[in-house]
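J.: What follows is the residue order along each chain.
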Amino acid sequence: MYLASLDGMPDSFVRTTRDGAVLVVLIDRPQARNALNPGILTAIAASLAAADENPEICATVLTGGPGNFSAGADIDVLSGHSPATYLASPTRRAFESIARAEKPIVAAVAGYCLGGGCELALACDLVVAGDNAVFGQPEINLGFIPGAGGTQLWRPRAGAGAQADAALLGELIDVWEARRIGLVDEVVPAEAVIDAALAKARTIAAKAPLASRAAKAALKSAGRMSMQSALEYEVTLMAGLLATEDAQEGTNAFLQKRPPQFKGR
Amino acid sequence: MAPPLSEQAIRFTLSTGATDAPSQLRRLLRVAAPPQVLVIDGDFSGSFADPSEANDLISVLTDANLPVIAAPSGSIGPQGAAILLLCDQVVLEAGAALSGHWRDGPCLAALAHRRLGPLLARAIFFDDRTDLLDILADAGIAKKADDPGGSLDSILSRLGGRSASMAKRALKAAAELPFREALNYDRWLHGRSGDETR
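Residue numbers (the numbering used here), protein chains in the order written: chain A, 1 to 265; chain B, 1 to 198.
Among these hints, one or two may not hold up.
Claimed, not checked - Going by beta-carbon spacing under 10 Å, a handful of chain B positions derived as facing chain A: (1) ASP56; (2) SER59; (3) ARG158; (4) ARG162; (5) SER163; (6) MET166; (7) ALA167; (8) ALA173; (9) ASN184; (10) TYR185; (11) TRP188; (12) LEU189.
FYI, nobody ran anything at the bench for these hints, they're computed from the structure. C-beta atoms are modelled at their ideal positions from N, C-alpha and C, and glycine is treated no differently.
With the rest of the complex left out, here is chain B (with noise of 0.2 Å):
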């Protein structure tokens, strides 16, 4: 039984064989709203039951305007390493490891492509020696904890305010629009007129 978690985190817990996760979370979601975080933790060592299931789950976490912390448990396979790519933060217990197979998952190498960017992608993809964990640490996305559990609280008191969740939704247009539109959204998301004259 995984441990209680503070007021404002929404936890689902992903289970091997469950195929509905996406429409879980979608409705998890839809209730969920600033400054509360979602924290998906449980096993990430499944597949997904096919390339549509992976692309609804994407979808899901990349509408998200709320924070997404990852806290795998045991190995990661292809479903859990999307998961991963898709995260704000991951909390990674002592010995988390992704799986021999994790690379033969659906839509990796773009979420690869579109997180750590064309060299890391092809360095994960085509060099076995290239941990997709450590860049993660590396780049301050994943922390390894003996104390995952402290770890996550840590972070959920970080993620838990209005601004993460503003700068959620303000790193979103960024990467969707161009460069002067997100200015201009940033500065409507944080109650000023992008218009000089008002």
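Isolated chain A (complex conformation) (with noise of 0.2 Å):
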């Protein structure tokens, strides 16, 4: 079990492990329900720039545990920000930090993830998530509205109608109806969330590094680029992908009828 050799500062409510090439960042604050704060986020989004830095790591599991996710953020520390505060806090430049993050991410989701921990989940690539979790953007029933994704994320995934019910109605949605609308993309057991993310984290993480990596980049244009743009784009990075000598191992292996062994050059 992962959780038993986790690393980090015993009052950070972040640790992360290695499991071969991948990652495991884990968010550890069950008594206030993983509620995130400027603290956490920022140890999230540095473990992900640490990862993208390191060529060893190939993924990355972003998980709260068995129990919850995160059932959102701290709301005094929210409470506490002026308009202008906000706008230069630590915890808007985190989630763009995560929302940044260039290797894929599978987000491991059980229990409440909600309000900045639906966002959370939403930044990352894929979304497994155990049979007990329950998403929702709760955020207008405290009189404001999600300030990092929780009224863009849900739209590409589950489309405008859910989107506008999550973030005008602020109602929760259990884990079937998720999946039913495509906001996750596999229930498991709760017990085994890790497992499962895991298990696709490294799946990812035996593929050619760099090309996991362009196929990240090529999916995350959908949304900051016209949909030519994005075509564009997509073929310089194809095309820069033929050069490697993964794409040639990958090519030859294929042909030869053996597995490749990807170096990420």
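From the two separate chains plus the hints, produce the assembled complex.
T.: What follows is the structure in structure tokens.
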């Protein structure tokens, strides 16, 4: 079990461990249902940035463990902000850093995945959910709106109706509905959610690292540029990969009917 | 006074006029854990106070990860019929019968369609000669017993293990997920990875 060997400062609420080429990042604040504060978000962002710089890491699992992913942001942190301070806050910067991560991230979500926690999960590339998971953007019930993607990140996965439901009604949906509308990619027993996400991350990590990174960049471009620009960007990325050793190795391995040995070059 | 149940059973007794059954059940289930079994007994003759109460009750029982057994006393009304359509097993005392207006409750058509399929759902709603209790008995969900207490004990001894709770979760996943994902869910439930490369 991976939670037993995690590293991290005792009071940091974020711990990390390695499983081969996969980094596991655990939000570990169970007494507060993994509520997010600036320290937690900054630590997650730093872990993902370090993973991007580490050639030995090819994918990441982000989880809150089998209990709760995150019930959202600390309310007192949000209420302490003015308009000016929020725009410059570590919370906002951290969310932006997480969204900019270059290597694939699999979210392993169980229990409450609300507010900022839901935004964090939806910023990942794949979402594996435990059968006790509950999703929602309840910010509207507190008199404000999601501020880290909660009015945008549901739409590409679940469509405009689900996005509007989440942002305007603030209601929670269970994991089965989340799966039906496409908000999550796989449902597994809650006690197996980290292992299932890890299995997916291992599969990703076994691919050519440069290709995985390029695929993520191409996928992310969908929301950042027009379709035509995204298609042109895809061609550029593809052309760049053709010159890599990994592309040569992948082609040779296919022709020679053997598993490829990718080097990330 | 109902006889005591085995230690693994959690009992919830329905009473006429009580409108907070869903919240009471939710509280009970929050602290329950496999291999426990939920037994709902008492007076099943009541109606829902309003459609939202029906929604709440359906939501609570649909979400339950424990096997649920219904053991009604007396006639069975709209609320009781909904519970029968949500339970895993039903123990019926001799002479148990649905009340004349049982079809009038909210959500029963959807529940009957989900549990029995479109043909039987139409039969029980559009043909008074088709008896829901007979259908449930024929399907192996309900048992008509001269000794309901003995039958309940027998069912509890069968459903009290961890495997029944796991089956309940797997059945729910099978109803909600695409087939292959449901198979994968079941493999994870039994402690085996869905990833053959591990």
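J.: Now tell me, hint by hint, if it's right for this structure.
T.: Against the structure, the hints come out as follows:
1. ASP56: For ASP56(B), the interface hint is violated, since the closest Cβ of chain A sits about 14 Å away, which is over 10 Å.
2. SER59: 9 Å, holds
3. ARG158: Hint violated; ARG158(B) Cβ to chain A Cβ min 23 Å, cut 10 Å.
4. ARG162: 12 Å, violated
5. SER163: 14 Å, violated
6. MET166: Given a least distance of 9 Å, the restraint on MET166(B) holds.
7. ALA167: 13 Å, violated
8. ALA173: With a closest approach of 7 Å, the ALA173(B) hint holds.
9. ASN184: Holds: closest Cβ of chain A sits about 7 Å from ASN184(B), inside 10 Å.
10. TYR185: Since the shortest Cβ distance to chain A is 6 Å, the answer is holds.
11. TRP188: Since the shortest Cβ distance to chain A is 4 Å, the answer is holds.
12. LEU189: 5 Å, holds
Checked against the numbered hints above, the structure violates hints 1, 3, 4, 5 and 7; every other hint is satisfied.
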